[in-house]
Structures are given as structure tokens and as C-alpha cells.
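Throw the hints in and build the complete structure from the sequences for me.
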Amino acid sequence: MRVILYFLAVVCFLSCKKGENDPYFSILSRKERITGKWTLKEQDITYRYSDPKKSYDSVVHETFLNNELSKDINLFNKPLDSEYDETIDINRDGSYERIYRFGVVYFIETGSWHFVKGSRSAKIKNKEIVVFEPEKIVEMDDEEGQQSEELFTGIQNTEVVFERIDELRNNEMKFIYQSVTVDTKQKEISITGYKIYIK
Numbered sequence: 521m522r523v524i525l526y527f528l529a530v531v532c533f534l535s536c537k538k539g540e541n542d543p544y545f546s547i548l549s550r551k552e553r554i555t556g557k558w559t560l561k562e563q564d565i566t567y568r569y570s571d572p573k574k575s576y577d578s579v580v581h582e583t584f585l586n587n588e589l590s591k592d593i594n595l596f597n598k599p600l601d602s603e604y605d606e607t608i609d610i611n612r613d614g615s616y617e618r619i620y621r622f623g624v625v626y627f628i629e630t631g632s633w634h635f636v637k638g639s640r641s642a643k644i645k646n647k648e649i650v651v652f653e654p655e656k657i658v659e660m661d662d663e664e665g666q667q668s669e670e671l672f673t674g675i676q677n678t679e680v681v682f683e684r685i686d687e688l689r690n691n692e693m694k695f696i697y698q699s700v701t702v703d704t705k706q707k708e709i710s711i712t713g714y715k716i717y718i719k
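Counting the sequence shown from 1 gives a position; the numbering used here is that position plus 520.
None of these hints come from the bench; they were simulated from the model. As the structure is a prediction and not an experimental result, all values here were calculated from the model. We put the beta carbon where it would ideally sit given N, CA and C, even for glycine. Treat the hints with caution; some may be incorrect.
Claimed, not checked - Here are the simulated lysine-lysine pairs, DSS-like style, with alpha carbons at most 27 Å apart:
1) K705 <-> K647
2) K707 <-> K573
3) K561 <-> K645
4) K561 <-> K647
5) K557 <-> K656
6) K551 <-> K647
7) K591 <-> K705
8) K598 <-> K707
9) K557 <-> K647
10) K573 <-> K591
11) K561 <-> K598
12) K557 <-> K598
13) K573 <-> K598
14) K561 <-> K591
15) K591 <-> K715
16) K719 <-> K656
17) K561 <-> K719
18) K573 <-> K561
19) K551 <-> K719
20) K574 <-> K598
21) K643 <-> K551
22) K705 <-> K561
23) K591 <-> K719
24) K715 <-> K557
25) K656 <-> K574
26) K705 <-> K574
27) K637 <-> K719
28) K551 <-> K707
29) K715 <-> K645
30) K645 <-> K557
31) K637 <-> K715
32) K557 <-> K574
33) K643 <-> K715
34) K656 <-> K591
35) K557 <-> K719
Said to hold, decoys possible - Restraint-style ranges between C-beta atoms, simulated for each label pair:
36) L548 <-> R568: 36 to 42 Å
37) E659 <-> N597: 28 to 34 Å
38) R689 <-> S615: 20 to 26 Å
39) K598 <-> I547: 18 to 24 Å
40) D703 <-> S641: 20 to 26 Å
Given below as C-alpha cells:
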């Protein structure tokens, strides 16, 4: 009996802890924990654009705290600050709605989401990465409360987003970024940093 209980505890531990900083044990599954309405609490992301034809890199450092988004661009003399807030409602049926607001203008993004299966060759744990596939993005006017423009319709016109989950608790979720891509013109784009959401 003790052997069975020990085996079940080990299986439960391995199935619960997917992200690097996930709780060691949770009664709720990863899908149950990720569903719900999340609000962006904190963000610190650096984008670096390297062009082999130029002698300098373009660097954009984005930080978010206390409802203020600050963009520090190395080619500008001072950071660009704006009021900002973001929420994402993740549903069990595989749909989601993300709302992000810049001042009086805000955007509503709707689409589908799913977890990525684990891969030993890619060193990815099961359900460590969540994919958001936007199907529609609408620009709204906060003062009028009406749609002002439909920006994208159809998944072929939008960018699929892959988020690596570093931590997923019942009331806090952290995405981490550490990637380098090279486009068709041999320009290198690197992204490092994190985003923290709370329920």
C-alpha cells in the first residue's frame, strides 16, 4: 500500500511541475490553472535588432509597472511613456480574449489557444509552452464605446504567439522570453525578458 501511495505521489509531482518555477504540488491540472481572467502586473522585455549592413544595433527596452508602459529606445534621447493595461481571459473550451489599452484607445483580440506537446529533442516539457492564435483584432474607441476599426480577420493575417511558461500558480503566471531569430534579410532579432500576470 505504501509503495502505491509513493508511486502516485511521484506521478502527481511530475505531472504538476512543468514550468521551472511551478509549485511542487497542485490539486488543479495545468489546464485548470491557466483558465480564467489574467491581468498584466509586470513586464520587462528587451528587443535587439541587429543588421549586418549597419555598425550599430537597435535596442528597445519595454517595462510595465503600475499601469505605465515605458519604451526606452537607444536611438531616442528619452523613453516613451504611456498609460497601459492588459487582460487576457483564457477559456476551457480553447478560446481566449485579450484586451489591451493605450490611453483612450483599446484593442480586443480573440482567438484560440492550446498547449504544445513535450519534445525531448527540443528540450520542451509537456504543456510548458502555450500557443495563442489570434483570429480577430478590433480597435475600439473608449470614449464612444464603439468599434472604430477591424484590424485583422482570419488567422492567416495575424501572428501566432508562443509563450514559454516559467511559473503557473492558481493566481500568478509568468512567461519568459529568450529567443533569437534571423529574418530573410539576415537581420537578427533577439528577445529576452519576462511578463507576469495575476488573477
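Legend entry - Pair hint K656 and K574, alpha-carbon separation not exceeding 27 Å: 36 Å, violated
Legend entry - Hint consistency between K591 and K705 [alpha-carbon to alpha-carbon, up to 27 Å]: 25 Å, holds
Inset, instruction - Measure nothing beyond the straight line between the CA atoms of K591 and K715; if it is 27 Å or shorter, mark the hint as holding. - result: Cα-Cα ~15 Å, so holds.
Legend entry - 27 Å Cα cutoff - pair K573, K561: Outside the cut-off at roughly 38 Å; violated.
Inset, instruction - Verify the proposed pairing of K643 with K715, using a straight-line Cα cut of 27 Å. - result: 22 Å, holds
Legend entry - 27 Å Cα cutoff - pair K561, K598: 24 Å, holds
Inset, instruction - Given the hint that K573 pairs with K591, test it: the Cα-Cα distance must not exceed 27 Å. - result: 25 Å, holds
Legend entry - I547 and K598 - C-beta distance against the hinted 18 to 24 Å: 49 Å, violated
Legend entry - Restraint check for K705 with K574, where alpha carbons must lie at most 27 Å apart: 13 Å, holds
Legend entry - Straight-line alpha-carbon gap K561 to K591, limit 27 Å: 16 Å, holds
Legend entry - Straight-line alpha-carbon gap K591 to K719, limit 27 Å: 25 Å, holds
Inset, instruction - Would you check the hint for K715 and K557, treating anything up to 27 Å between C-alpha atoms as holding? - result: Given that 27 Å is the threshold and the Cα spacing comes to 15 Å, the pair holds.
The structure fails hints 1, 12, 18, 22, 25, 28, 32 and 39 (numbered hints given earlier, in ascending order).
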